[in-house]
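**Q** These are the residues of each chain, in order.
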Amino acid sequence: MYEKDGRQYFVVDGHTHFWDARPENRNKYGEGFIACFYDYHKNLSPEEYVWPKEKYDRYPADGMVHDLFEIGYVDKAILQPTYLTDFFPGGFNTTEQDAEFAAQYPGKFIVNGAWDPRDGEDGLAELRRLNDTYQLQGVKLYTAEWKGSSRGWKLNDYWSYRYLEECEALGIKNIHVHKGPTIWPLNRDAFDVADVDHAASKFPDLNFIVEHVGLPRLEDFCWIATQEPNVYGGLAVAMPFIHSRPKYFGQIVGELLYWIGEDRILFASDYAIWQPKWLVEKFVDFQIPEDMQSELGTISDDQKAKILGLNAARLYGLDVPESMQVQAPKEEQAIGSEPVSVA
Amino acid sequence: MTDVADVLGALGGVRDPELDQSLVELGFVAGVECEGGDVAVRLRLPTYFCAPNFAFLMVADARRAVEGLPGVTRARVELADHFTAEEINATVQGGGGFVDAFPEHAADELDELRTLFQRKALMARQGRLLDAVPDPAAATLGQLEGPDADRCRELRRELGIAAVEDAPAFVTGDGVPITAADVPRFRRMTRLVSMSLEGNSGLCRGLLRTRYDLEEEVPNMIGAQLTTPAPAASGACGAVA
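Chains Z and U supply the protein sequences, listed in that same order. Residue numbering for the first sequence follows the numbering used here, starting at 1 and increasing by one per position. Residue numbering for the second sequence follows the numbering used here, starting at 344 and increasing by one per position.
Worth double-checking, as some hints may not be accurate.
[Said to hold, decoys possible] Quick look at which bits of chain U chain Z covers, simulated, 3 or more residues with Cβ under 8 Å: (1) 391-405; (2) 469-477; (3) 540-549.
Source of the hints: derived by calculation from the structure; they are not laboratory data. Every residue gets a Cβ at the ideal spot worked out from N, C-alpha and C, and that includes glycine.
Let the sequences and hints guide you as you build the complete structure.
**A** Here you go:
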């Protein structure tokens, strides 16, 4: 919970990791991957929050709990597994590893699962097993993940639909989609979110949370989200711009509020790339820069409260104290609240 | 004899197709060496995992641009520090296409991808020109001027959209002129695309700076060498940045 000017905010960190990128658990691709992550961390964090690379490779469990819950104002954090076993042989962070870690801190974490359509029938059985063991409410999917000679997959593949049907049947409602630089076929734009559009139309009872609000394809994301009411935007990777490039952050938030509205935007730190403490503090203090307000409007405390935690709480069925709920009905409708035609 | 300034001039016309900005401005040119007509260029990107399709286009376009310079007898362009550097460098040097570089993973060449991003670039550029005329739906291309307008003309020609001066000034990505009723939504859409491209470009510049420990904003460094030839750029040999 974060408190500012007499108001209390319920905070859900929608995207966190407890990863293992130590040299003994990575090949040359894993080394490139974590180096790239580190550059994001270093480039967009305030200086006092930049870690040495060794700590970034593998940080202690109690350090993470300290950063999120003791100083970071987080009420509940979602662990999003990212297997990447072709880069990190023991797994970058798997469902099992996350669950083992979360079990030491009861009530703090939500453990999401993962699946990969290229695992076929075996993977479906594994998904059922994961669900039996961990009672999943959500899954994290990484479409650019390598598997042997494969360089990724799409959400509207035949086997992806089989897995989404299974999620529906098992009651796993929250599908977090993360795009990366490789996807089959390699000649197409890997960051394109059109496959999410197809899947979201076909599975209207599932929630599709597009991580990084589709960055670097914010425009494509906004466009599909206006048309699919079950598409949400996760703010991981967008959040840290609040420090290094506040005007750009203001543009992102202003556009998201305009196109998809305040009910479908979810806060996330992407820990350990960034830390919730400074993100939450800066977000609550944030306002769309004055010279942009005539076009983009402003952001209210109610809207911030929804983004910081209430929207995710709704998707994950979390109890939120009455004092932290938003009371007033919202005033304006976003574009996404009404059907729009393609320009 | 070709010198570094000639090569940088040619590379200045090569764009990152995703960002619609010059490789030189973006700081992607890590080094240029000339020996007589033999030119070697080294390119670098913001991350080890930048998308291989765009990376391929930049290397291939850069090689073509340098080869086209008078006096160049041999042009080599090497991409550095990238997960597909080996495949891309060998294929481009051998004159092959994207499918040759990634026979298992590519279903086609990159024309469609390039077109898609030319359309985005056109949207973004038009977004910055909307306020330059009183009535965008009635305006003609001839009424627009400046670097964004010039680039619009170029993009329209590349996309096969009429680029004569009395053609409608504002069109959708596939060339349909916008009507007065379209203007408000067109304004929002173009602004969104423009903001997205600028945002990505800012992130790329930042990551490049962090990755290579560069001290200042890349565009200023390179830009200065291009406009006022610094010692490194005026000699026959040298490296940039």
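**Q** Under the constraints set out in the numbered hints, which ones does this structure not fulfil?
**A** 2
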